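Engineer: Spelled out, the chains give:
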Amino acid sequence: MIRFEGVHKWFKKLHVLNDIHLHVKQNETVVVCGPSGSGKSTLIRTINRLEPIDQGKLVVDGFDLTDRSFDINKLRAEIGFVFQQFNLYPHLTALKNITLAPIKVRGMARKEAEDLATALLERVGLAEKRNVYPAQLSGGQQQRVAIARGLAMKPKIMLFDEPTSALDPEMIGEVLAVMRHLAHTGMTLVVVTHEMGFAREVADRVVFMDHGAILEEATPDEFFLNPQHDRAKQFLKQILTPMHCEM
Amino acid sequence: MESGLDFTIVKDNLLYFMIGAYPEGKLGGIALTIYLAVAACFFSFWGGLILGLMNVARNKAIRYASGAFVNFVRGMPLLMVIFWCYFLVPGLFGQPVGETKTVIIALSLFTSAYMSQIVKAGIESIPKGQTEAARSSGLKLWQVMVFVILPQGLRNMIPSFVNQFVSLIKDTSLAFIVGVSELTHVATQINNRSFVYPTEIFIFIAVIYFILCYIFTEFSRWLERRLAWRKSI
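Sequence order for the protein chains is A and B.
According to the working numbering, the stretch in the first sequence is residues 452 to 698, in order.
According to the working numbering, the stretch in the second sequence is residues 2 to 234, in order.
No lab work stands behind these hints, which were simulated from the structure alone.
Take these hints with a grain of salt, some might be off.
[To be verified] One side only, chain B facing chain A, incomplete, derived with CB under 10 Å: (1) T9; (2) A22; (3) G26; (4) L28; (5) S126.
[Stated by the list, open to error] Interface residues of chain A toward chain B, partial, derived using beta-carbon atoms under 8 Å: (6) F514; (7) T517; (8) S520; (9) F521; (10) R527; (11) Q536; (12) P541; (13) H542; (14) L546; (15) L551; (16) A552; (17) K555; (18) M604; (19) G648; (20) F675; (21) L676.
For clarity, every value in this text was computed on a predicted model and none was experimentally measured.
Glycine is no exception: its CB is placed at the ideal position from the N, C-alpha and C atoms.
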């Protein structure tokens, strides 16, 4: 479904992606973790070409992303993206946030799109918020609307870029619950997160990154019980200590 | 000299102040001032929007062309722009265009240049995440602009638009330089006829300009409240 082959990317002199090889299969849930600045956000953003790659090959759903001749919007319509900062449209109600792309990109009839959006809002537990503006929703609610917005395009792949990092602790659970449910439906998911509990429970594979490179790629059990790389051991120790502080 | 002001001259010429020589002659006075302002307001809104969008275009040639135009027009006094249009526009069209239209063109060009910078700033004030979210869902660039960026940006631009349009209402007074009989021109004519009451005449038109600007500002405030989408937190 998603295949990185020797992908490199630089921001000026900074080598943000260093020789990435990664294959995400259909229906798989892959969690990407690593310290901040390790390139995990950049990695996930290359998948729908929010960040173009500089070198190597990246094939997503059969499209070669280095090929500039195909219509990237066709691919983007098949990929849902959930951001750390939610990025809901503040001038539109929850319902309209969800119906915009299905109507404008898929050409769906308004009524059909609204029915779909209502069903999705129900699924993320926000049926009663359909006519509410984002500013009136809590962070957790906004993120759930954002997930519903991504799902409205009936995507083949959902990408999550630190979806719970901007949330208050008590709201993280509700968002993870929705994501957990998604993973069980068999959608292809790539999740950048620090939520190791989620990774352990839901991920098929965990990818650990540092300084732009993938240092470790393993099943959750292997990764958490027996990490190979020193940086991974150190990272896990820091992040799994209950009173850890961000360095 | 007598003490106190005598507004009889204003009262006697009130109709002339309002509509000029109309209906025997051309429309003038306050009516023409309003006409100039509304027409130039309309064209400079769209002109500013288009120029502003060109200013943030991805294509370098388009960006440079609009940037050059904006710098050129901003670097000239409005009076010069009016003169330029007065002498150039008939040449461009190969036939007389009429002073009123010429002035509308000049005011629209001039105000568009300023408006475009407001539009540009308004577009750039919208967080990048909005574009990223919209692009990620497969919307084309123009759709992102029309459905996501501009609806948010335009609302933020309203206060700056109001400033610009209030300036525009007052700038219509410069039309008298090419003989368009708007309010200031009419006032000058009446003053030239009597020579006795300049203070009264010019106080009167100052009040009229103030009222026009005030009405417009109030209208914009009402519009801004109506377009508020952040109803309550």
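Engineer: Hint by hint, note whether the structure agrees.
Structural biologist: Taking the hints in turn, this is what the structure says about them:
no.	hint	result
1	T9	54 Å, violated
2	A22	48 Å, violated
3	G26	49 Å, violated
4	L28	40 Å, violated
5	S126	13 Å, violated
6	F514	13 Å, violated
7	T517	18 Å, violated
8	S520	16 Å, violated
9	F521	13 Å, violated
10	R527	4 Å, holds
11	Q536	5 Å, holds
12	P541	7 Å, holds
13	H542	5 Å, holds
14	L546	14 Å, violated
15	L551	6 Å, holds
16	A552	4 Å, holds
17	K555	6 Å, holds
18	M604	6 Å, holds
19	G648	27 Å, violated
20	F675	31 Å, violated
21	L676	36 Å, violated
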